[in-house]
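Engineer: Residues per chain are reported as follows:
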Amino acid sequence: AQTVTQSQPEMSVQEAETVTLSCTYDTSESNYYLFWYKQPPSRQMILVIRQEAYKQQNATENRFSVNFQKAAKSFSLKISDSQLGDTAMYFCAFMKLNFGNEKLTFGTGTRLTIIP
Amino acid sequence: NAGVMQNPRHLVRRRGQEARLRCSPMKGHSHVYWYRQLPEEGLKFMVYLQKENIIDESGMPKERFSAEFPKEGPSILRIQQVVRGDSAAYFCASSQGLGVADTQYFGPGTRLTVL
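If you read the sequences in order, they're chains E and B. 4 is the number of the first residue of the first sequence in our numbering; add one for each residue after it. 102 is the number of the first residue of the second sequence in our numbering; add one for each residue after it.
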């Protein structure tokens with residue numbers, strides 16, 4: 004079974020600064036995907052970024068980028084030029100490639116607060 | 102194109118009553134996943150369904166919980182004889198199911214409170 008660990012329950016950063024959220028995972032699979040989801044106070048789960056394990060290049064989406072270290076089983080999220088709207092819970096998630104059944108395994112989350 | 106719809110958004114039940122949670126996937130999506138989020142925790146997988154089929158229910162409690170996704174209409178998560186420990190947010194997600202690692206789009210969740 005896969006496990007996902009987020010060791011930072013809470014973080015805060017000043018607006019416009021850069022912040023990095025950490026995530027490690029444990030799996031014996033070689034083909035998988037990793038995701039970061041954001042859950043703002045509205046509680047809606049919003050996909051931030053995804054990474055294919057077979058790709059060495061780190062994924063980026065505007066101000067969001069990841070540092071994917073496959074050997075270390077590490078998948079951190081960097082948010083640049085942080086904005087007040089980035090305040091949310093952030094969940095790291097693992098998806099084992101299994102045609103027809105690709106359930107997500109989530110970490111416990113990091114509560115990020117952007118300070119004006 | 103409407104997103105994933107869930108209703109009700111909030112549901113209050115007394116112990117022993119039944120709770121029915123509904124999920125309408127995005128248009129064109131035939132795969133539905135249900136997840137449960139206990140207070141201050143991450144989401145935990147419960148069940149995965151395709152139209153008229155339960156594919157994986159390994160995360161669902163063996164008793165009192167059931168799920169369906171009929172040919173017509175929304176997916177239903179049903180909890181019989183609710184207990185206080187069932188209080189949680191229940192999310193469904195849908196995907197197209199056409200490729201590998203399809204992105205799952207989440208609904209806004211149903212917050213169940215058991216008195």
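Source of the hints: derived by calculation from the structure; they are not laboratory data. Certain hints may be false.
Once the Cα atoms are required to be at most 25 Å apart in a straight line, the calculated SDA-like pairs of lysine to any residue come out as [said to hold, decoys possible]:
| # | chain 1 | residue 1 | chain 2 | residue 2 |
| --- | --- | --- | --- | --- |
| 1 | B | K128 | E | L50 |
| 2 | B | K172 | B | L216 |
| 3 | B | K145 | B | E158 |
| 4 | E | K99 | B | E153 |
| 5 | B | K152 | B | V184 |
| 6 | B | K163 | E | I52 |
| 7 | B | K145 | E | D84 |
Listed next, with one range per pair, are the computed distances between beta-carbon atoms [stated by the list, open to error]:
| # | chain 1 | residue 1 | chain 2 | residue 2 | range |
| --- | --- | --- | --- | --- | --- |
| 8 | E | S33 | B | Q151 | 20 to 30 Å |
| 9 | B | S188 | E | P12 | 37 to 47 Å |
| 10 | E | K58 | B | G129 | 18 to 28 Å |
| 11 | B | H111 | E | Y57 | 22 to 32 Å |
| 12 | B | R115 | E | T23 | 23 to 33 Å |
| 13 | E | S77 | B | E141 | 16 to 26 Å |
| 14 | B | P171 | E | P12 | 32 to 42 Å |
| 15 | B | Q197 | E | Q60 | 19 to 29 Å |
| 16 | B | G186 | E | E64 | 43 to 53 Å |
| 17 | B | T214 | E | Y57 | 21 to 31 Å |
We treat Cβ as the ideally placed atom computed from N, Cα and C, and that holds for glycine.
Engineer: Hint by hint, note whether the structure agrees.
Structural biologist: Outcome of the hint check:
1. Restraint check: the Cα-Cα separation between K128 of chain B and L50 of chain E comes to about 18 Å, which is no more than 25 Å; the hinted pair holds.
2. Between K172 of chain B and L216 of chain B the alpha-carbon distance is near 34 Å, which puts this suggested pair outside the 25 Å criterion.
3. For the hint pairing K145 of chain B with E158 of chain B, the CA-to-CA distance comes to about 12 Å; that is within 25 Å, so the pair holds.
4. Straight-line distance between C-alpha atoms of K99 of chain E and E153 of chain B comes to about 24 Å, which keeps the hinted pair within the 25 Å bound.
5. For the hint pairing K152 of chain B with V184 of chain B, the CA-to-CA distance comes to about 29 Å; that exceeds 25 Å, so the pair is violated.
6. Among the hinted pairs, K163 of chain B with I52 of chain E is inconsistent with the structure: their alpha-carbon atoms are about 34 Å apart, more than 25 Å.
7. Distance check on the hinted pair: K145 of chain B and D84 of chain E sit about 31 Å apart at the alpha-carbon level, beyond 25 Å; violated.
8. For S33 of chain E paired with Q151 of chain B, a C-beta distance near 26 Å keeps the hint of 20 to 30 Å intact.
9. Checked against the hint of 37 to 47 Å, the pair S188 of chain B and P12 of chain E fails, with Cβ atoms roughly 21 Å apart.
10. Look at K58 of chain E against G129 of chain B: about 27 Å separates their beta carbons, and that is inside 18 to 28 Å.
11. Between H111 of chain B and Y57 of chain E the Cβ separation comes to about 42 Å, which falls outside the hinted range of 22 to 32 Å.
12. Distance hint for R115 of chain B and T23 of chain E: a CB-CB separation of about 45 Å, inconsistent with the stated range 23 to 33 Å.
13. Hint check: S77 of chain E to E141 of chain B, Cβ distance near 24 Å, so the stated range 16 to 26 Å holds.
14. A hinted range of 32 to 42 Å holds for the C-beta pair P171 of chain B and P12 of chain E, which are about 40 Å apart.
15. Restraint check, Q197 of chain B to Q60 of chain E: a C-beta distance of roughly 25 Å satisfies the suggested window 19 to 29 Å.
16. Separation of G186 of chain B from E64 of chain E is about 37 Å and departs from the stated range, judged on CB atoms against 43 to 53 Å.
17. Between T214 of chain B and Y57 of chain E the CB atoms are about 43 Å apart, so this pair departs from the stated range of 21 to 31 Å.
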